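Generate the whole structure from the sequences, applying the supplied hints.
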Amino acid sequence: MGKAKPIEIFTPPNALKAKVGGSLSPMDRGAVAKADAALSNLSTEFQSWIEDELNRLEEAWALFTSQSDKIVAVTNVHAVAHDLKGLAKTYEYPLVGRMAASLCRLTNDEVDRSKSPENLIRAHIDGVRAAIKGRIKTEEHPVGSILVTEMETQVTDFEEKNSIITDTDPS
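In numbering that gives the first Met the number 0, the protein residues as written are 0 to 170.
Calculated directly from the structure, the hints in this document are not laboratory data.
Keep in mind it's a predicted model, so treat the numbers as computed, not measured.
There may be inaccurate statements among the hints.
As the list claims (entries may be wrong) - In the DSS-like style, the derived pairs of lysine-lysine whose C-alpha atoms are separated by at most 25 Å in a straight line are:
{"hint": "1", "residue 1": "Lys160", "residue 2": "Lys114"}
{"hint": "2", "residue 1": "Lys114", "residue 2": "Lys84"}
{"hint": "3", "residue 1": "Lys136", "residue 2": "Lys84"}
{"hint": "4", "residue 1": "Lys69", "residue 2": "Lys84"}
{"hint": "5", "residue 1": "Lys33", "residue 2": "Lys88"}
{"hint": "6", "residue 1": "Lys114", "residue 2": "Lys69"}
{"hint": "7", "residue 1": "Lys132", "residue 2": "Lys84"}
{"hint": "8", "residue 1": "Lys69", "residue 2": "Lys160"}
{"hint": "9", "residue 1": "Lys132", "residue 2": "Lys88"}
{"hint": "10", "residue 1": "Lys136", "residue 2": "Lys88"}
And the structure:
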């Protein structure tokens, strides 16, 4: 072993301030207010849009029931559920977002999709439909809360029985 060589730590310069034009300015409250107003104007469309997402989910289910390749069918359901998981909060349906997150856990890449239980997938889709058609938006609704909790419990049981370790964070 030879003598230790001295080291030099080099910290590269941060050129971000120069590119942005100095220090970052405080948040423009006027721009935030305009964005909130625009979102508020769009909120009248949220029910229609979430129903469109429900239609997509039901179409994916219809393909699931007619598809001979279960892995492709589950993948299609997962893609729609993943979109719904992200959109549901924006459309003021956080309960549906939680249901879609649970469905994503059931159908994601970590799962041998050929083992994804058809009856549990169907239960999730039925739950999403019931929540949207009944306009059950939040977890404060007693039936909605019980339903989504049971869905998540069933998915956790499925994961444990199949030795699947997934991120259970619904966000």
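Given hint Lys84 paired with Lys114 - CA-CA distance at most 25 Å: Cα-Cα ~22 Å, so holds.
Pair hint outcome, Lys132 versus Lys84 [Cα-Cα no greater than 25 Å]: Roughly 17 Å between the alpha carbons, so the hint for Lys132 and Lys84 holds.
Straight-line alpha-carbon gap Lys132 to Lys88, limit 25 Å: holds, 16 Å
25 Å limit on alpha-carbon distance, applied to hinted pair Lys136 and Lys88: Between Lys136 and Lys88 the Cα gap is close to 9 Å, so the pair holds against 25 Å.
Restraint check for Lys69 with Lys160, where alpha carbons must lie at most 25 Å apart: holds, 20 Å
Restraint check for Lys160 with Lys114, where alpha carbons must lie at most 25 Å apart: holds, 11 Å
Hinted pair Lys136 and Lys84, Cα distance within 25 Å: holds, 13 Å
Agreement of Lys33 and Lys88 with the hint, judged by alpha carbon distance not exceeding 25 Å: Holds, at roughly 20 Å.
Given hint Lys69 paired with Lys114 - CA-CA distance at most 25 Å: holds, 9 Å
Proposed proximity, Lys84 with Lys69 (alpha carbon, max 25 Å): Holds - the C-alpha atoms of Lys84 and Lys69 are around 22 Å apart, at most 25 Å.
This entry satisfies every hint, going by the numbered hints stated previously.
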